[in-house]
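Peer 1: Residues per chain, in single letters:
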Amino acid sequence: MGLVLAGLCLFFSFATIKEQSAMSEAGALALAETIFAKHGNEARVLVATAGLPEEVAFAAALERGLEAAGVQPLAVVSGEPREARAALERIAGEGAGLDVIAASASAGGWLLFADLRTDIPALGDPELIIPTTRKWPDFLKKDNLLNIANQIAVIAIMAIGMTLVILTGGIDLSVGSLLALGAVIASLLIRELAGGEQAGTFGMILACAGAITICGLLGLVTGWLVTRFHIAPFLVTLALMLMVSGVAYRITKGESVYQVPDSFTWLGRGSGLLGLPNAVILMFFLYGLAHLMMTRMVIGRHLYAVGGNRVAARLSGIPVERVLLFAYVMSALLAGLGGVVMASQLKSGSPTYGDMYELYVIAAVVVGGTSLSGGRGSMIGTLLGAFTIAVIQNGMNLMNVESYTQKIVLGSVILGAVWLDRVRRKGE
Amino acid sequence: MKSRFLLLVAFACLFVSGCGDSPESPGQKSRGLIGVSLLTLENPFFKVIGDTITEEGAKHGYETLVVSGDKDVAKQSNQIKDFIVKGAAAIVLSPCDSKSILPVIAEANTAGIPVFTVDIPCNEPGVKIVAQVATDNEGGGREAAKAMIEALGEAGGKVAILHLKQAESCILRVKGFRAAVDGHNATAAGKLEIVAELESGGAKDIGFRAAEDALQAHPDLRGIFAINDPAALGARAALEKAGKAEQILIIGFDGQPEGKQAIKDGKIYADPIQFPDQMGVKVVEAIVSHSKGTTVPPQILIPTSLYRKADAEKDPELK
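Protein chains in written order, with numbering that gives the first Met the number 0: chain A, 0 to 427; chain B, 0 to 318.
Accuracy of the hints is not assured; some may be wrong.
[Stated by the list, open to error] Cross-link-like lysine to aspartate or glutamate pairs, in silico, DMTMM-like; alpha carbons within 20 Å at most:
1) 98/B to 254/A
2) 17/A to 62/B
3) 157/B to 106/B
4) 406/A to 69/B
5) 127/B to 79/A
6) 406/A to 41/B
7) 140/A to 53/A
8) 266/B to 314/B
In short, the hints are calculated from the structure, not lab data.
Taking the hints into account, I'd like the entire structure generated from these sequences.
Peer 2: Structure, rendered in structure tokens:
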């Protein structure tokens, strides 16, 4: 599985290589020298940026560099194209003309500068200079890698629970609806009981814990129906999926609940250790725990045994019912937690969340090499599976693949990954 | 060894499928990317918007990537984050949820990428949206009422509305419709009486059931105003089933191909039609004006126009 993921990363890295601007202070000073060398200290220069913090710093450094060389820029604008246009029209009005426009990468793309010769001919033919660039894939930008991890965190967290259920030979279709319910209850509790937009940290933690607990109780119901009445998990969780989704719509009247404080986004959008988003830290932490549980603890062995051969497990004294119950409760709890994370990411809870997520979660588990008939699989595999799906989706967006094709490719890759896994297993 | 070969084949497939769509415009240097995330691409209406933006964008040297949010705001957020990473020149979206989409719009604002909405506006405070392009839905509702009055003539009669209450646009349509009906009733002899307002889900099956219910409650119904074409066609099916297709007239909304065909066949009396292509054109105009530094109006409303049987008969797109 790791091989497929590595291959995908390699592929997208090559496919998304693009010129990236380097906006360092050194770059700005070098640019100032270039301008001086070309046009002398009589150069008529406009400096323009889109007003982002790094760009403003770049513009300031450039201005310093120019002034050191004895060049006084005619104008320095940071902000919208409109402001740059106003400055240009003023310069044209003064009849001054312009030699150089030094623009940051984002401002360099403005049509204002591209069409200047036809739009404001009085300025002459200024040269547009954009800081030096280097080739680097969009895919491997730090922001994008964090993006991928953040985008998959919710699905990956839910996939832990799904792995447990699928290992026992079951399936849980209700996780998407439980995610919506978790998100909705957490934000409703914050709105109604914890004080809405003025809610304190403690109140929010209680609200989230409450939401996750309610989801856990629903998981208990699923597990009870599956073990006590021997109803197929597919049916029980299908029914629960419908009911839970209906409840989520009813208690919110179909609207999103957004009266939550700004600090509620700490979990979903804040970042802590090493600049990693909190949701991603939580995801890795949970995977660490789950991996330990599966490899070092009795319950892990029991889960494999129940999924591998239920009769043999029962005969060897494993409490099969309790193991199954554990799997469904964990799946529901983690779905509720996923809902809380998503509510935090989107700063609101809505019953529309999680639609079809059960299928993505199942896909992540299966792509990760867990057998749908139970007894075989691993947490590491599931994590890799989740990342495979995230990388494909992200990579296709970066490669300008439109939506229809994305679906086809995603479906084919899931099929291909599972098939590949089969072939390799046979070879071993 | 075999597995490695298979891996290669898999990537070759992916590569081919990927490259087939990469819009590398030869010759001219691209002026940047317009990232478009629409509510859905299952509805032809949004497909037209996306296609027009692509087409118009290309005229101005832009590359365009159109993706579908599939009505899932989390998915749409991810798509927009990907646009930000790509350093898009502009982002166009029709929000899947106007509240939950705010964080990611704020992110685009911080990244200095201009944001535009199309069809579905987002009027929440705290974020900066350069321009919002949408249909003049309230005006469209008034036109629907005009068609209803014209169709029912002197006699007037009972009218039912098939609503889609969670959609802001449909609330405006019904508001315009009711206002125009009230205005008409104040002066005219043949009054229109709005007797029911039922949820249609904006879909054929639910519109069908809602119209059946309306017929049960009001057997002497004369007209139905449905807030979109699927609901109108669902209502038509219910009328045909009840044998009341002659007695009751339907006014739809949108002017999707199926709706236009139904108008030609006399199944729907008229539609105030929307112009998704116009929306695409206006969005690109707004993007270009903003990038050129000229002023862009924050609200751009596209008027609807009434489309009757006579228009349908002249329409070259219909068979």
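Peer 1: Run the structure past the numbered hints and jot down the numbers of the failing ones, going up.
Peer 2: 3
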